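Asker: Construct the entire structure; sequences and hints are all you get.
One letter stands for each residue in the lines below.
Protein chains: 2
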Amino acid sequence: MNTRKVLKIVSGGLIAVATLIEVRSILQPNHHPVVKIPTHNQQQRSVFTWAKTFFERFPKLTKVQADSTFPRDDIKPWDWNWDNKEPQLDSDNRLHVFSWGDKKGSVKGTGSRHLLFIRHGQYHYADSDKDCHLTQLGREQLNFTGARLKQLNLPYSILYYSTMTRAVESTEEIMRHLPDVPVEPTDSLCEGAPFPLEPPLENYKPTEDELDNDGSRIEKAFRTYVHRPSPNQSKDSYEIFVCHANVIRYFVCRALQIPPEAWIRFSLDHGSITWIVIRPNGRVALRWLGNSGHMPPEKISIS
Amino acid sequence: MNTRKVLKIVSGGLIAVATLIEVRSILQPNHHPVVKIPTHNQQQRSVFTWAKTFFERFPKLTKVQADSTFPRDDIKPWDWNWDNKEPQLDSDNRLHVFSWGDKKGSVKGTGSRHLLFIRHGQYHYADSDKDCHLTQLGREQLNFTGARLKQLNLPYSILYYSTMTRAVESTEEIMRHLPDVPVEPTDSLCEGAPFPLEPPLENYKPTEDELDNDGSRIEKAFRTYVHRPSPNQSKDSYEIFVCHANVIRYFVCRALQIPPEAWIRFSLDHGSITWIVIRPNGRVALRWLGNSGHMPPEKISIS
Chain A
1 MNTRKVLKIV
11 SGGLIAVATL
21 IEVRSILQPN
31 HHPVVKIPTH
41 NQQQRSVFTW
51 AKTFFERFPK
61 LTKVQADSTF
71 PRDDIKPWDW
81 NWDNKEPQLD
91 SDNRLHVFSW
101 GDKKGSVKGT
111 GSRHLLFIRH
121 GQYHYADSDK
131 DCHLTQLGRE
141 QLNFTGARLK
151 QLNLPYSILY
161 YSTMTRAVES
171 TEEIMRHLPD
181 VPVEPTDSLC
191 EGAPFPLEPP
201 LENYKPTEDE
211 LDNDGSRIEK
221 AFRTYVHRPS
231 PNQSKDSYEI
241 FVCHANVIRY
251 FVCRALQIPP
261 EAWIRFSLDH
271 GSITWIVIRP
281 NGRVALRWLG
291 NSGHMPPEKI
301 SIS
Chain B
1 MNTRKVLKIV
11 SGGLIAVATL
21 IEVRSILQPN
31 HHPVVKIPTH
41 NQQQRSVFTW
51 AKTFFERFPK
61 LTKVQADSTF
71 PRDDIKPWDW
81 NWDNKEPQLD
91 SDNRLHVFSW
101 GDKKGSVKGT
111 GSRHLLFIRH
121 GQYHYADSDK
131 DCHLTQLGRE
141 QLNFTGARLK
151 QLNLPYSILY
161 YSTMTRAVES
171 TEEIMRHLPD
181 VPVEPTDSLC
191 EGAPFPLEPP
201 LENYKPTEDE
211 LDNDGSRIEK
221 AFRTYVHRPS
231 PNQSKDSYEI
241 FVCHANVIRY
251 FVCRALQIPP
261 EAWIRFSLDH
271 GSITWIVIRP
281 NGRVALRWLG
291 NSGHMPPEKI
301 SIS
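Protein chains in written order, with UniProt numbering: chain A, 1 to 303; chain B, 1 to 303.
Hints are not guaranteed to be accurate.
Intra- or inter-copy, both count: the list cannot distinguish identical chains.
Derived pair list, reagent style EDC-like, types lysine to aspartate or glutamate, alpha-carbon separation capped at 20 Å [as the list claims (entries may be wrong)]:
| id | residue 1 | residue 2 |
| --- | --- | --- |
| 1 | K220 | D73 |
| 2 | K108 | D83 |
| 3 | K76 | E202 |
Calculated directly from the structure, the hints in this document are not laboratory data.
No experiment lies behind these values; they were computed from the predicted model shown.
Answerer: Here it is as structure tokens:
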């Protein structure tokens, strides 16, 4: 018997053992700490159910094992200068120079910006915006949201609101809870078609004109409102934006540097809170998306 | 005067008029419906503040106008077969054939899968997992989450939980509210390093080995649990997963088909609910991320 044959037998044996171990590990119940969960629960999954689940999963598992890792060779680096406010080295390669308006200096901020985006409430659809009033439910939803914002007790510096009727009426409800927060209306946050959507929808196909006009307006609004704090900002700041689902979803994609066409893959409950945090160094985190947990379940709606 | 000169004068005039209109539109207060918001609010922004804001914004606005639209020439199409369960045409080009385990048929499902991912509660960090118990606050957080899941009153079919101590203890708290929901432990949902993170973090640098081992395990878990409903599923189904921040954030990226390295750009409150919906045709929506609105503000924590 030559070396080649020995190797063949040994490797064959190893493959057989590995297969046995794999099959055993699938057949065995998972090892886990003792769970103090009502025991009748564990029993609800009968041997039959277990066997069924096992055989259903088996082809999947074997398939996945041949291709178990998602490719990680094309990672796009985070653009630290995404908001055009990344500090640059000066000509002596020493001081940080901030391209912040006309201001230049070496001060580094220590406060973060917290942007809280509120979707308006449920409304009666009409051809003209002035007739698109909130429903009774829509009023109630924003009443809950106003109460929650008050309860969160954050030092809000301003509330910006879209000038569309449903956003104005939503703002009215919120302001009953936050009478001392300054407000500012802006057309730039009105609803529109921010970007082509992928995957497309059968019943929503924005025209090229809409994409051009709304898209450039909403992108301009993004650049106006979503950026890192000023280098002079030492404390965390909290701003509220009462606006619309498409605007909020597009802002989320742009702020997180994920493909903007993905905005349609997010959905937002009426009156929900979406919270974006921007650190002084330009790092961004999405902390809440569509947070509507402050509403009783029967008051939650999407459309 | 030749034609060239006339054209120059006319176009010069047009540019001047356009500039005037633009400046006017910026100077004018926004047109918006009458807002019934406490009037002292509007007055809080004095003429001085307004002028300051205006002049601060002006350089930004002019800058943005030259480059106002985000590029939309490299949109990556949604992969309808992301979960390897997209129906295929048969050899006669007529019937839909589903590659669903061994099952093949032309039945099209009408029910969606709702996956509710719960992050465990706050815990005491220790070197050994068995010593990583929930804090008193962590127990309270999951008690609120269990109560909320009960209150949502959805027909949960199963609760899967990670076998790490903090997830097991979190599951115990939830199960006090949902005693009739079947539970199933799984090692595959344990915490780990699912994928390289971008932007990187100073204090969390997973090794290549961790990325390989955790990454392939968590990717396998994704393929096991996150996929469209079976073509036989006629009603919406609701499944609960009690696990960990990295796992949930990675699943969100993979399900939404956004770059997996972006998982670090999301952050999740303890005990929060993240809700992914998968339609029968494979369309995916993220409805909630980090929904912790069911907790009193003083009970919310991240780390």
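Asker: Hint by hint, note whether the structure agrees.
Answerer: Right, here's what the structure says about each hint:
1. With identical chains, the CA atoms of K220 and D73 are at most 20 Å apart between copies only, with a shortest distance of 19 Å across copies and 33 Å within one.
2. Taking the shortest alpha-carbon separations for K108 and D83, only the intra-copy value of 16 Å comes in at or below 20 Å, while the best inter-copy value is 46 Å.
3. Taking the shortest Cα distances, K76 and E202 sit within 20 Å of each other only across copies (19 Å), while inside one copy they are farther apart (31 Å).
The earlier numbered hints are all upheld by this structure, with none contradicted.
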